[in-house]
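The numbering used here applies: residue 6 is where the sequence shown begins, and numbers increase by one.
I should point out that these hints are in silico values taken from the structure, not numbers from a laboratory.
Treat the hints with care, since some could be wrong.
[Said to hold, decoys possible] So the derived label-pair ranges between C-beta atoms look like this:
id	residue 1	residue 2	range
1	N135	K59	31 to 41 Å
2	E97	G20	36 to 46 Å
3	N134	V57	36 to 46 Å
Here a beta-carbon is modelled for each residue, glycine too, at the ideal position from N, C-alpha and C.
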Amino acid sequence: MVVKQLSIFVENKAGAIAHITNLLGKNNINIRSLQIADSADFGILRLIVDDVNKALELVKAENYTAKLTDVISVVVPDKPNGLNELLRILTENNIEIDYLYVFLGKNNLGAQAILKSPNIEEVETLLLNNYY
């Protein structure tokens, strides 16, 4: 399913991420996943949250550069080779992946994969027809 991901550009300095997570927590926004891609001076904090529009407003009010991005969220079986079935389908259909991160879901119901592709709608249709 397509979900909105909040991407925030953050300085690589002590306490920067804690500042954002504290801001969101104080405003009753639940972080469902978090991933960081970094470079020498800045990082991109990628979040899936329960109220993405409110979160975007809050971080922009704190002068962070942030944007919303459509990504695919898909449950992957929590077993050896579980992720490979998803990747096999994407590969066989020549789907490009910009990035992918996976985290363990609640109650051992499987892992949750978040993936970004230039072809979000195509990926969603492909997975609905061949994966779920």
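Comparing the hints with the structure gives:
no.: 1; hint: N135 / K59: 31 to 41 Å; in the structure: 35 Å, holds
no.: 2; hint: E97 / G20: 36 to 46 Å; in the structure: 45 Å, holds
no.: 3; hint: N134 / V57: 36 to 46 Å; in the structure: 27 Å, violated
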